[in-house]
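Enquirer: Dock chain one against chain two, each of which comes alone in its own frame, and use the hints as you go.
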Amino acid sequence: MNAWHNIRAIMKRELGGYFTSPIAYVFLVIFLLLTGFFTFTVGSFFERGEASLVSFFTWHPWLYLFLVPAVGMRLWAEERRLGTMELLLTMPITTWQAIIGKFLASWLFLALALALTFPVVITVNYLGDPDNGVIVAGYVGSLLLAGTYLAISCMTSALTRNQVISFIVSVVIALFLILAGYPPVTDLLTRWANPVIVQIIAAFSVMTHFEGFQRGVVDTRDLVFFASVMGFALFTTGVIIRNQRAG
Amino acid sequence: MISVEHLTKAFGPKLAVNDVSFTVERGEVLGFLGPNGAGKSTTMRMVTGFIPPTSGRITVGGYDALENPLPAKRMIGYLPENAPGYADMTVIGFLNFAAELRGLHGEARKRAVERAIELCFLENVVYQSIDTLSKGYKHRTCLAQSLIHDPPILIMDEPTDGLDPNQKHEVRNLIKRMGRDKAIIFSTHILEEVEAVCSRVIIIDRGRIVANGTPEELKARSEMAGAVHLRVTGVPAAELQEGLKQVKGAARSEILAERDGTVELRVYPDGSGARGSLTRDVAALAAERRWQVAEIHTEEGRLDEVFRAITLPDTVKAAA
Numbered sequence: 001m002n003a004w005h006n007i008r009a010i011m012k013r014e015l016g017g018y019f020t021s022p023i024a025y026v027f028l029v030i031f032l033l034l035t036g037f038f039t040f041t042v043g044s045f046f047e048r049g050e051a052s053l054v055s056f057f058t059w060h061p062w063l064y065l066f067l068v069p070a071v072g073m074r075l076w077a078e079e080r081r082l083g084t085m086e087l088l089l090t091m092p093i094t095t096w097q098a099i100i101g102k103f104l105a106s107w108l109f110l111a112l113a114l115a116l117t118f119p120v121v122i123t124v125n126y127l128g129d130p131d132n133g134v135i136v137a138g139y140v141g142s143l144l145l146a147g148t149y150l151a152i153s154c155m156t157s158a159l160t161r162n163q164v165i166s167f168i169v170s171v172v173i174a175l176f177l178i179l180a181g182y183p184p185v186t187d188l189l190t191r192w193a194n195p196v197i198v199q200i201i202a203a204f205s206v207m208t209h210f211e212g213f214q215r216g217v218v219d220t221r222d223l224v225f226f227a228s229v230m231g232f233a234l235f236t237t238g239v240i241i242r243n244q245r246a247g
Numbered sequence: 248m249i250s251v252e253h254l255t256k257a258f259g260p261k262l263a264v265n266d267v268s269f270t271v272e273r274g275e276v277l278g279f280l281g282p283n284g285a286g287k288s289t290t291m292r293m294v295t296g297f298i299p300p301t302s303g304r305i306t307v308g309g310y311d312a313l314e315n316p317l318p319a320k321r322m323i324g325y326l327p328e329n330a331p332g333y334a335d336m337t338v339i340g341f342l343n344f345a346a347e348l349r350g351l352h353g354e355a356r357k358r359a360v361e362r363a364i365e366l367c368f369l370e371n372v373v374y375q376s377i378d379t380l381s382k383g384y385k386h387r388t389c390l391a392q393s394l395i396h397d398p399p400i401l402i403m404d405e406p407t408d409g410l411d412p413n414q415k416h417e418v419r420n421l422i423k424r425m426g427r428d429k430a431i432i433f434s435t436h437i438l439e440e441v442e443a444v445c446s447r448v449i450i451i452d453r454g455r456i457v458a459n460g461t462p463e464e465l466k467a468r469s470e471m472a473g474a475v476h477l478r479v480t481g482v483p484a485a486e487l488q489e490g491l492k493q494v495k496g497a498a499r500s501e502i503l504a505e506r507d508g509t510v511e512l513r514v515y516p517d518g519s520g521a522r523g524s525l526t527r528d529v530a531a532l533a534a535e536r537r538w539q540v541a542e543i544h545t546e547e548g549r550l551d552e553v554f555r556a557i558t559l560p561d562t563v564k565a566a567a
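Chains as they are written, first to last, in our numbering: chain Y, 1 to 247; chain V, 248 to 567.
The following block holds chain V by itself, in its conformation from the complex (with noise of 0.2 angstroms):
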């Protein structure tokens, strides 16, 4: 649904967004993950015709955006970072424009408005004018402007900003169903947002993609995954660190906790055998040596982790 080739956005001698290339079909929940000021909200604004590229190519729905604006428009909903409202409406005033400006007249207009004010849980707010709503109702009613066509295409950046728990909930829930029929773009901050929702990552720092996969796989890239996380009661930590240096696979042991005879350590794979081998060779170590083990179990990865790897400058890198 959506091609980005080579994008590239330089604002004076400062390259915002650097070849950036992606895909995204329909069915598909992309999250855009990056520190402030990577170039997320710059790709936003480009893919969704708000502001022209330096170079490169974008293509939605088979239109060229560049060259044919319009049509590529209509297929996108769009929801703009920090959900902007005309202060003097009142929300059902704010969503009538919005589906007029979408080309809905008469009954059509009426219905799909009325759509998004329960898609949103609007309701109560409906009359009220936008500049005297909670962030929350404000956020809201932005997105049920993006709704309001019900577009093939969502793009939004930050959905979830500024919500309290239970809305974020019903955000991330909306777009996790909207996303089995619509091509989806969010950006975000909060990882674990990402984890939930979406079917790929895209991290982008310093205006250029660093990584591109599954949640899955990039939680793989952690240097966490495939740890062993074992707790073992009544051994000396340093008789366990040596006794782990033995089991084959492993790069190294490190002490999380040590409290009342109770140990707990992770034990990291230096990569050379498969994933959950490690998991098992340290259990057979442990039988044999008759250690008494309260937990163990094998490390999924973090997202946060890799996020850091990835997007910590190098110096701040070289410095840690």
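Same shape as in the complex, but just chain Y (with noise of 0.2 angstroms):
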């Protein structure tokens, strides 16, 4: 219970943060207009013909490239900066309590910025008739790939004081995690690499478990991988909080 208040306090504030400063309406402009250019411009919704949201939800790994980094870098790195680290973890609250607060609260407010995008099933549905089991599913699967990513910059935060240097990182982890099972990749690795090892490294990667949930089916395997790599992530951050702490 006490547990709980503590996460909650600490989500409060993180959340305060970001609508206090301009970041979340910055992000979550560019955010919108980025979705709406790459799903009626770069995707092609109208010329695809089909009620569906595949324009709208491919494009999701790449975005959340940037984007989410952009909202996890500061986590951590900003109370170092700040010195309100030692504040922080000298009061009568868990380490732990203070990464799930955190990272709760980054992940809610990219929820919300999902949740934005609702104009566009709206007009998917006005326009057609599309399967909405499919695109709920797609959208448990943006959230999850979100918050993978997100847990990852958590990581990469807890590791500098240097927000850019915070941020670079988790773009390439994250970037890796989208190379290792992108098709252009794969297919050129498979010209070297026995199939079963190119197999192997595609099963690491967000693309490969993101694609299910795109065509509606909620595997346990995907769910487990994204549950473990943000509960990987997140256990490395307190790893690395303790050590940094230990000297």
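Derived by calculation from the structure, the hints in this document are not laboratory data. Note that the Cβ used here is the ideal one computed from N, Cα and C, for glycine as well. Treat the hints with caution; some may be incorrect.
Said to hold, decoys possible - Not everything, but these chain V residues come out facing chain Y in the computed CB check (under 8 angstroms):
#1 Lys261
#2 Asn329
#3 Pro331
#4 Asp335
#5 Arg455
As the list claims (entries may be wrong) - Taking CB as the label site, the calculated pair distances span:
#6 V:Ser446 / Y:Leu108: 47 to 55 angstroms
#7 Y:Ala246 / V:Ala504: 28 to 36 angstroms
#8 V:Arg358 / Y:Ala246: 58 to 66 angstroms
#9 V:Lys423 / Y:Val172: 32 to 40 angstroms
#10 Y:Arg8 / V:Asp397: 21 to 29 angstroms
#11 V:Phe258 / Y:Phe204: 33 to 41 angstroms
#12 Y:Phe66 / V:Asn413: 45 to 53 angstroms
#13 V:His436 / Y:Val26: 38 to 46 angstroms
#14 V:Phe258 / Y:Asp187: 33 to 41 angstroms
#15 Y:Ala3 / V:Ser268: 28 to 36 angstroms
#16 V:Phe258 / Y:Pro22: 33 to 41 angstroms
Expert: So, in structure tokens, the structure goes:
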């Protein structure tokens, strides 16, 4: 009970931090503009002539690649820069409560951004007769994908007091997680490597696991994948913070 | 309330804190003195649970702070060095956040925040964001945060750093007032502060405790403690010094100033007599020789002198 109070207090502060600075508004506007642009222009939403949001979700791994680290980079780097980490961690809370609280706050913020794309759902329902189950699955997958990138940004943010470094490192890690299963890359790899090895590498990719959700399939293996990457990244965050304190 | 035993912290091969032990009871104000980098902040960070020690034991209010950190942390209010605060929060938002993490809710939280604002004179900046505050206000905001749950233990790292003289005075009074029923540890560079506020002083140098006592005890360790300050008119300095040599218990005399036939000198005790006995003997000599004494008093001993004598590196001492 007490733990939940602490987590909630930290979430509240963190979310407030997004909205009292321009970050939240800049992010929301850019996110919505870019999703619109990719869906309708690059993704040829209209030309496809399908009542589906494939052209919307396909771009999410690439969009999140840059946008999610921008949300997550400040989480711990800012605490270290301001010196408030010392304040926060000498409060009667555990490090885990702080990590979870910060992570959930940012995830909630990303969920809000994602929820604000609702006009695209209305549009596709107005124009045609899409399978809304597939759309819901797509949203669930997208949210998990965002959470995965976010957990990684959280980890890189704990590594440094410099937000730029935190941003770049998490983009690189996220990029690896995309490319490991990106068809052009895997096709290239099969020319040299054993297909089994390529498959194993691809299994680490968010692309492989996000794909099912786009087709409306919610597979337990995919859920386990996203949950375990998040769990691992957040656990590592805890280890990093503990090691830094130990000096 | 706080008991620290054989606390050691190593950063790589460097020992930042080396076998430090002390206790602080309720009603005590303990001043941490020491040069920069002596290990004051590191010690405080270990007691507050921010960094784990390499070895040693810390007990806070009966709880082992390493085994059972949460109840220990609940009893402590902590003002870190440089008084950090969340730049984008308002003062009241920040204090509400601190109160919530301290487990205060609803009406109790409101009262605690109001009390802290009043105690630290923050009424004028309640709705201002922390990054727009002046250094003094920023400092007091962080101080308010440490007092919000009315903790039985207060740990403050340089609480008067960066404040103007009036604010320094206020904070000192606050510490003194709270020191009556709390256990307080604070670090400072300012020696007068120690004399004004502390009931006990620990001097740390290069990670070790080199002195531990009341301000009076430490001052008594000064070479100057018990020395006689003397001002005489109409007698040549040489004759005075010659005469003073015969006083029992005087080690040597030193001329401080000589102007218009007035000589000011200090007679150092050799440590054999009781405190004040040298002054009596010097006064008796002056009366016997009919010197015109304009001023005579016993020196208290000065903390800065003791501090320098204890904490200067041996190489510097040898050179001087």
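Enquirer: Take the C-beta atom of phenylalanine 258 (chain V) and the C-beta atom of proline 22 (chain Y), compute their distance, and say whether it sits inside 33 to 41 angstroms.
Expert: holds, 39 angstroms
Enquirer: Take the shortest C-beta to C-beta distance between arginine 455 (chain V) and chain Y; is it under 8 angstroms?
Expert: Constraint on arginine 455 (chain V) not satisfied, violated at 19 angstroms.
Enquirer: Kindly confirm whether 21 to 29 angstroms is satisfied by the beta carbon distance between arginine 8 (chain Y) and aspartate 397 (chain V).
Expert: holds, 23 angstroms
Enquirer: Range first: 33 to 41 angstroms. Now tell me if the beta carbons of phenylalanine 258 (chain V) and phenylalanine 204 (chain Y) are that far apart.
Expert: For phenylalanine 204 (chain Y) against phenylalanine 258 (chain V), whose Cβ atoms are near 37 angstroms apart, the range 33 to 41 angstroms holds.
Enquirer: Given proline 331 (chain V) as an interface hint, is its Cβ closer than 8 angstroms to any Cβ of chain Y?
Expert: Since the shortest Cβ distance to chain Y is 3 angstroms, the answer is holds.
Enquirer: Using the beta carbons of serine 446 (chain V) and leucine 108 (chain Y), state whether their distance is inside 47 to 55 angstroms or not.
Expert: Roughly 49 angstroms apart at Cβ, these two residues keep to the hinted range, so it holds.
Enquirer: Holds or violated: is the Cβ of asparagine 329 (chain V) closer than 8 angstroms to a Cβ in chain Y?
Expert: Check passed: Cβ of asparagine 329 (chain V) comes within 6 angstroms of chain Y, closer than 8 angstroms.
Enquirer: That 28 to 36 angstroms hint for alanine 3 (chain Y) and serine 268 (chain V) (C-beta), does it hold up?
Expert: Given a distance of about 34 angstroms, which is inside 28 to 36 angstroms, the answer is holds.
Enquirer: Just tell me: holds or violated, for the beta carbon distance of alanine 246 (chain Y) and alanine 504 (chain V) against 28 to 36 angstroms?
Expert: At 56 angstroms between Cβs, range violated.
Enquirer: Lying within 38 to 46 angstroms: is that true of the beta-carbon distance histidine 436 (chain V) to valine 26 (chain Y)?
Expert: Given a distance of about 43 angstroms, which is inside 38 to 46 angstroms, the answer is holds.
Enquirer: The hint names lysine 261 (chain V) as touching chain Y; please verify it with the least Cβ-Cβ distance against 8 angstroms.
Expert: The hint is violated - lysine 261 (chain V) has no Cβ within 8 angstroms of chain Y, the shortest such distance being about 10 angstroms.
Enquirer: At the C-beta level, are arginine 358 (chain V) and alanine 246 (chain Y) separated by a distance inside 58 to 66 angstroms?
Expert: Check failed, 38 angstroms falls outside 58 to 66 angstroms.
Consistency with the previously given hints fails for numbers 1, 5, 7, 8, 9 and 14, ordered from lowest to highest.
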